[in-house]
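Spelled out, the chains give:
There are 2 protein chains.
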Amino acid sequence: MAYKLFIPGPIEVSEKTYKAMTEHLVGHRSKDFVALMEKIQPDLQKLFFTKDPVYLSTSSSWGVMEGAIRNVCKKGVLNCANGAFSDKWYDVSLRCGKYAEELKFDWGKPVDPEALDKALSTGKFDAVTIIHNETSTGTMSDICALSEVLKKYPDVVSIVDTVSSFSAMPIKKDELGIDVMLAGCQKAMAIPPGLAFLTVSQKALERAKTVEGRGYYFDFLEFQKFYEKNQTPSTPVISLIYALRSKIEDINSEGLENRYARHLENNKIVREWGYNYGFELFPEEKYSSITLNCFKNNLDVDIVAVNEQLKKRFNMMINCGYGKIKGKTFRISNMGDETPETMRELLSNLDSILPEYLKK
Amino acid sequence: MAYKLFIPGPIEVSEKTYKAMTEHLVGHRSKDFVALMEKIQPDLQKLFFTKDPVYLSTSSSWGVMEGAIRNVCKKGVLNCANGAFSDKWYDVSLRCGKYAEELKFDWGKPVDPEALDKALSTGKFDAVTIIHNETSTGTMSDICALSEVLKKYPDVVSIVDTVSSFSAMPIKKDELGIDVMLAGCQKAMAIPPGLAFLTVSQKALERAKTVEGRGYYFDFLEFQKFYEKNQTPSTPVISLIYALRSKIEDINSEGLENRYARHLENNKIVREWGYNYGFELFPEEKYSSITLNCFKNNLDVDIVAVNEQLKKRFNMMINCGYGKIKGKTFRISNMGDETPETMRELLSNLDSILPEYLKK
Chain A
1 MAYKLFIPGP IEVSEKTYKA MTEHLVGHRS KDFVALMEKI QPDLQKLFFT
51 KDPVYLSTSS SWGVMEGAIR NVCKKGVLNC ANGAFSDKWY DVSLRCGKYA
101 EELKFDWGKP VDPEALDKAL STGKFDAVTI IHNETSTGTM SDICALSEVL
151 KKYPDVVSIV DTVSSFSAMP IKKDELGIDV MLAGCQKAMA IPPGLAFLTV
201 SQKALERAKT VEGRGYYFDF LEFQKFYEKN QTPSTPVISL IYALRSKIED
251 INSEGLENRY ARHLENNKIV REWGYNYGFE LFPEEKYSSI TLNCFKNNLD
301 VDIVAVNEQL KKRFNMMINC GYGKIKGKTF RISNMGDETP ETMRELLSNL
351 DSILPEYLKK
Chain B
1 MAYKLFIPGP IEVSEKTYKA MTEHLVGHRS KDFVALMEKI QPDLQKLFFT
51 KDPVYLSTSS SWGVMEGAIR NVCKKGVLNC ANGAFSDKWY DVSLRCGKYA
101 EELKFDWGKP VDPEALDKAL STGKFDAVTI IHNETSTGTM SDICALSEVL
151 KKYPDVVSIV DTVSSFSAMP IKKDELGIDV MLAGCQKAMA IPPGLAFLTV
201 SQKALERAKT VEGRGYYFDF LEFQKFYEKN QTPSTPVISL IYALRSKIED
251 INSEGLENRY ARHLENNKIV REWGYNYGFE LFPEEKYSSI TLNCFKNNLD
301 VDIVAVNEQL KKRFNMMINC GYGKIKGKTF RISNMGDETP ETMRELLSNL
351 DSILPEYLKK
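Those sequence lines, one after another, are chains A and B.
All residue numbers for the first sequence refer to the working numbering, where the first residue is 1 and numbers rise by one.
All residue numbers for the second sequence refer to the working numbering, where the first residue is 1 and numbers rise by one.
Worth flagging that the hints you see were computed from the coordinates, not collected in a lab.
Cβ coordinates follow ideal geometry from the N, Cα and C atoms, glycine included.
Heads up, some of the hints might be wrong.
Stated by the list, open to error - To give an idea of the chain A side of the interface with chain B (calculated C-beta under 7 Å), a few residues:
| no. | residue |
| --- | --- |
| 1 | Ile7 |
| 2 | Thr58 |
| 3 | Gly63 |
| 4 | Cys96 |
| 5 | Tyr99 |
| 6 | Gly194 |
| 7 | Thr210 |
| 8 | Glu212 |
| 9 | Gly213 |
| 10 | Tyr216 |
| 11 | Tyr277 |
Just need the whole structure built from these sequences, with the hints factored in.
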């Protein structure tokens, strides 16, 4: 039984996108594939606000998150950790055999620019990881302020995960001076999971040339070599690239500014709905994500039961928290193709369930 | 313009499989996803003839080929190299920072059991890689003979790539004593690319526990941890797992023995067709693949032009050789859903093109 996903990824996929996936396959070394890659590249660069190449990786985002560590870290990596995914990135760095330190913040807090500055000034690191939008806590760090700090450290390669913010708001890679920016397809792009995007600066490519043990599958230099032929190093997930082409058409029809405004509006509708019930945001409002709202379950609602009712009665699903804040928070995504109307439909369904679960 | 693929991967995908991909997504941490994984696991184990778990990797086969090296090689890996992909595996091992040696054979020759024995007897290696069916040259090594050799070396973890033979013939992992057996989805399984399968013995898992720098994305122990929950470590390519479930239904309806016999028959039809023209097989017939025929272009046909005609006039495509034997060979796949009828249709189309290109 199909039910509509308002979880923060994978999210709801349109019929058009599903259909795009069924386009007949071509060989990945054929002219037809080259033409496909050539066609989508300028649009991908626009979405990343970059002149650097955008590579396609057949993997989930974790693949390129790990790959980036293996490619650019020689001396040591500073992992800014303020939620489940950014905490884990530190662990992954260690598992790659790298020297790594955590710059730790409480969950729900953003990455603090001053603390970043202080940590980088030690000179211990030649790479840094930041998750722009921590999906686990719905917390969005101030990437502009952080990038000002990063600019002071030209020897540090910055790796910024925009998995759940990419394409929902402008994140201007080149202007911000981000070296490696990566994203997944199953968040705001509303494509089924299995494809990751990454764009890599010349500085990061130069660094990669000097790093041993990069391997092959996520090697930046291999991506670059095949990028120059409008191909991918190994067999790509072609059906999702068809879906990507279709989604790019959608984005172009809507216009980027409209797309950004729509995400903001959707987000605000949910936030105000939550406030009306008396729910508080898990992060400080100023740092609350614009692609999802992570609410504290401060009204002590049986949120799992609410979600089950939502699924059973309305074929919809939200999320009941992630990692150590599971059950203590709930998350509603507003990414992708949602509109104020579809968000209001979800909320009105929740309205017909929630009251009976609210404690008197 | 859609054209039918008789290249050795990706291959032709059925309408049923394409449609399966469009099933509505579920969250990968949901009960629905767990149920999906639970359902397909026993069938995957049957296809691999194993009691070991079969993991699903969101990547092309190269991902798990690299991952296997990172997981089980401590002392050194012997890479049996007899074609483009197996040669490259040696290179990939080096790129992972491992001590590696090539056991080199001419392209078109199988991996020789005696040579394997001699190399392993040096005691320099704790891991070995073999590509069962070298797609680049259409050469199939004798896995039974090789596995007899491997059994003499219990401290060596064997990694066998069955990317382009898996499910087209019985390769009995447990009986053969293979430790790590891996395959892709876009070959005989006739699923669009982007999903890889791997099954790992207890011995290989124990080894992995002792190896540093395994990373996260392809870490066997992570796969195992999530396998136990019927999940995957990171967000999986759900749509292709739907396609896999659909393909498993097809395989069960047909029956394994029928499936194997059909692949053999298809293969023979093509082979005899080639012989009739005077084409020779690139490998020795005894070691020629049963999922594709790689013919020498000994009649010096402009095979690229033939293929263009085939595409233009009949919406079909074969392959004109790979790597250093491009143009000097051509390859016709008979993997997947093809039947004697569909193979004969291809060949009859080629018959109406070839004569005008044959030198007098």
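* Against chain B, with CB atoms and a cut of 7 Å, does the hint on A/Ile7 hold up? -> Cβ of A/Ile7 sits 5 Å from chain B, so the hint holds.
* Supplied contact hint for A/Gly63, tested at 7 Å Cβ to chain B -> Cβ of A/Gly63 sits 5 Å from chain B, so the hint holds.
* **chain B contact restraint for A/Thr210 - C-beta distance below 7 Å** => Since the shortest Cβ distance to chain B is 14 Å, the answer is violated.
* Hinted contact A/Tyr277 with chain B - closest CB pair below 7 Å -> Violated - the Cβ of A/Tyr277 stays beyond 7 Å from chain B, reaching only about 24 Å at its closest.
* Asked: Holds or violated: A/Thr58 as interface residue toward chain B, Cβ cutoff 7 Å?
  -> Hint holds; A/Thr58 Cβ to chain B Cβ min 5 Å, cut 7 Å.
* **Interface hint outcome for A/Gly194 [beta carbon to chain B under 7 Å]** => 3 Å, holds
* Asked: Holds or violated: is there a CB of chain B closer than 7 Å to the CB of A/Glu212?
  -> Interface hint status for A/Glu212: holds (6 Å vs cutoff 7 Å).
* **When the least beta-carbon distance from A/Tyr216 to chain B is tested against 7 Å, hint result** => 4 Å, holds
* Against chain B, run the beta carbon of A/Gly213 and see if the smallest gap drops under 7 Å. => With a minimum Cβ separation of about 4 Å from chain B (threshold 7 Å), the hint on A/Gly213 holds.
* Using Cβ atoms only, decide whether A/Cys96 comes closer than 7 Å to chain B, and label the hint accordingly. => Interface hint status for A/Cys96: holds (5 Å vs cutoff 7 Å).
* **When the least beta-carbon distance from A/Tyr99 to chain B is tested against 7 Å, hint result** => 13 Å, violated
Comparing the model with each numbered hint stated earlier shows that hints 5, 7, 11 do not hold.
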